[in-house]
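2 protein chains.
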Amino acid sequence: MTIFQLRQQWLQGEMIKRGWSGFLVTHHVDIYYYCGSMQTGYLFIPAEGEALYLVRRSLIRAEEEASADVEALGSWKTLAERLRARCAAAADAPLWIATELDVLPVQLFGKLQAALPGAAWEDGSLLVREQRMIKSPDEVAAIREAARVVDAALEAVIPHIREGMAEFELMALIEHQLRLRGHQGLMRMRAYNSELITGMVATGAAAAVPTYFDGPAGGTGLHPSSPQSSGRALLVRGEPILVDIGCMVDGYLIDQTRTLVIGDLDPELQHAYDVAEQVLRATEAKLQPGMIAEHLYLLALDQVQEAGLGAHFMGYGADQVKFLGHGIGLEIDELPVLAKGFKYPLAPGMVIAIEPKFTFPGRGVVGVEDTYLITDSGWEKLTISRQGLIRV
Amino acid sequence: MTIFQLRQQWLQGEMIKRGWSGFLVTHHVDIYYYCGSMQTGYLFIPAEGEALYLVRRSLIRAEEEASADVEALGSWKTLAERLRARCAAAADAPLWIATELDVLPVQLFGKLQAALPGAAWEDGSLLVREQRMIKSPDEVAAIREAARVVDAALEAVIPHIREGMAEFELMALIEHQLRLRGHQGLMRMRAYNSELITGMVATGAAAAVPTYFDGPAGGTGLHPSSPQSSGRALLVRGEPILVDIGCMVDGYLIDQTRTLVIGDLDPELQHAYDVAEQVLRATEAKLQPGMIAEHLYLLALDQVQEAGLGAHFMGYGADQVKFLGHGIGLEIDELPVLAKGFKYPLAPGMVIAIEPKFTFPGRGVVGVEDTYLITDSGWEKLTISRQGLIRV
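Same order as they appear, the protein sequences are chains Y and X.
Heads up, the first sequence is in UniProt numbering, so the first residue is 1 and it goes up one at a time.
Heads up, the second sequence is in UniProt numbering, so the first residue is 1 and it goes up one at a time.
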């Protein structure tokens, strides 16, 4: 049994508990997660029995890759009959089908509803996201390799950092080194309208410019049509250079931040950087199975308020984001989120990026981010880059 | 009046014809198109009067950038009241609101429906896509600049192409050169589950491996989790190297393909390449206002069948795609598509990438792609790279 079939089996157990007939997986990332192939089509996992991967293109590749029965998608008119044939339900019993309503567009959902008349639909997206929260050893291995690639790329680039270099030039160097080492060139996000271009690489005041992006760092970007991350600002001695980067290896993402500086930071920013490290150390001390995700955020809030840095934590003023970290895997924005309202107890196999940062408008962003695996006894850091402020 | 307000005005004219109360623009690309800002939130364009941009983050940047009244999104409870206040309708008349159901996820649509009880909803996505089909001079200028960047990057990379170089190394070089020249690092696509990583750069048999991607070229990719474009295949003398690349400048995309070879192609592939050029020349001869989009595809089909290459055109066998070209602008997959069923008459301001290609399983893909502006008198080629097969 492949890891993909084991995932289907877990989902089937949950479906049986709920009385669902099956799960029609439509999102390419979820399809890959459950069958190991990412061709165009639909993966139907019945509550019992073999999964059916209905593929438009490329059938050949789906047949080579997928842990599922593969058939050509063919006519939508045959969809109802073919899905029903996979279900244990009596021929006239109504189907109860889950799918990912957090990402599925309304128009396509309408087409699916019309193709499966009489079916009841259920939003299965949270269940999928909760299953994906716990990583298997192969997933951890891929994330570990991505961490190695990010570190190697960062180290390869550091000797080339110079005053007067533009943010986008630094980003171009980083991306080149990442790609040479196996980065697949995408940073997938699940949330509607979300995009990420390798990460947030920005310097001084430009890094502190707020963005729409649901993260603590900002950046001007090159143009209002992609208003985040690297722009044309030049690296200046004494300013914090935020290098918040990731990459994708074998489908899995890593996320890591280091603060760099040419020369020295001014004492106030250096102090804030030190507090970010202290927050990360304090969080590590609490990072273990059973700890409630939101508590880590609330504890960090207390700590930064005591340090007098509450107004600068994870953005500034109205543009603050209200989290300390996030799950990561096939997508950047996975569960659990270390934020208020997320009551998940940490569990072995979770992979979480933790990123305390402080924003000083007009001056810059300082902080650190590492990605952690929750283990039976606590945690293991997956990111391997050198600790501390990096002086160039 | 800004270009963004002119676009709102055109949309308002269409809404008045249809009796819609307003358009709730939710997709980040469309929000940018209509107001010049891409922050997180919703842009409401009433059938008459000023547009309202309700912004979650970053309010500051939205205020600086947007051609619309900007307010904090605030509580969803106030949404109905605030949208109604923008509409000319009587206080008790039901609202009839269009939005982009081709991209809006079901879950978020449900939230919007709950926030606006009693509103009737309309799928406005086709209207938006049809408006965006006709580019304004500023949009054409951005696409022209993207074309210049792609050409400069290609020329910068050509001298470094060597036998034994891996596809992904060539892609990394291209991306580096694109980014140094202003490429924003994204290739936006609208269709669900669609992704593009700079383009399709692949060699020999690997380029002919079919993909899920809705385009004629393939590529193994680095892993089944991103199964398209560059992989680990090495460049070999005499094999066609397909360099189908684009970039984004000021939000706008370009798409261009050149076939490269180290040494010479074998006669059969050289012949197919020549036919691809002939198809492009024949298409250019028909490219003018009034020509129906699908006819260009059907004429090309006739031409390649006469040349005995029908089985290889735009992919091979079951993995053929059934189009000759596509509109391009803020997204790669814009209207019109040069494919059966697309009855749009060409009109001045349309920008269309035309990409005749031939796939030979086990041997490679050859072809050419240029991007054209439809003008009053015919067309202008926006891509500027050198013509013909490029011998390295």
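Any given hint might turn out to be false.
[As the list claims (entries may be wrong)] Straight-line Cα separation of at most 27 angstroms, BS3-like style, residue types lysine-lysine; simulated pairs:
hint: 1; chain 1: X; residue 1: 77; chain 2: Y; residue 2: 340
hint: 2; chain 1: X; residue 1: 381; chain 2: X; residue 2: 322
hint: 3; chain 1: X; residue 1: 77; chain 2: X; residue 2: 111
hint: 4; chain 1: X; residue 1: 381; chain 2: Y; residue 2: 111
hint: 5; chain 1: Y; residue 1: 322; chain 2: Y; residue 2: 340
hint: 6; chain 1: Y; residue 1: 111; chain 2: X; residue 2: 77
hint: 7; chain 1: X; residue 1: 343; chain 2: Y; residue 2: 322
The set of hints was computed from the structure by calculation and includes no laboratory data.
Note that the structure is predicted; figures quoted are calculated from it, not measured.
Structure-based check of all given hints:
1. Using a Cα cut-off of 27 angstroms, the hinted pair residue 77 of chain X and residue 340 of chain Y holds, with the two alpha carbons roughly 21 angstroms apart.
2. Note on residue 381 of chain X and residue 322 of chain X: the hinted pairing holds, with a Cα-Cα distance of about 23 angstroms set against a maximum of 27 angstroms.
3. For the given pair, residue 77 of chain X sits about 11 angstroms from residue 111 of chain X by alpha-carbon distance, which is consistent with the 27 angstroms threshold.
4. A hinted pair counts as satisfied when its Cα atoms are at most 27 angstroms apart, and residue 381 of chain X with residue 111 of chain Y does not qualify at roughly 38 angstroms.
5. In summary, the hint linking residue 322 of chain Y to residue 340 of chain Y is supported, as the alpha carbons are separated by about 8 angstroms, within the 27 angstroms threshold.
6. About 31 angstroms separates the Cα atoms of residue 111 of chain Y and residue 77 of chain X, which puts this hinted pair outside 27 angstroms; it is violated.
7. Proposed proximity of residue 343 of chain X and residue 322 of chain Y is contradicted: the alpha carbons are some 49 angstroms apart, above 27 angstroms.
The structure does not agree with the numbered hints 4, 6, 7 stated previously, though it agrees with the rest.
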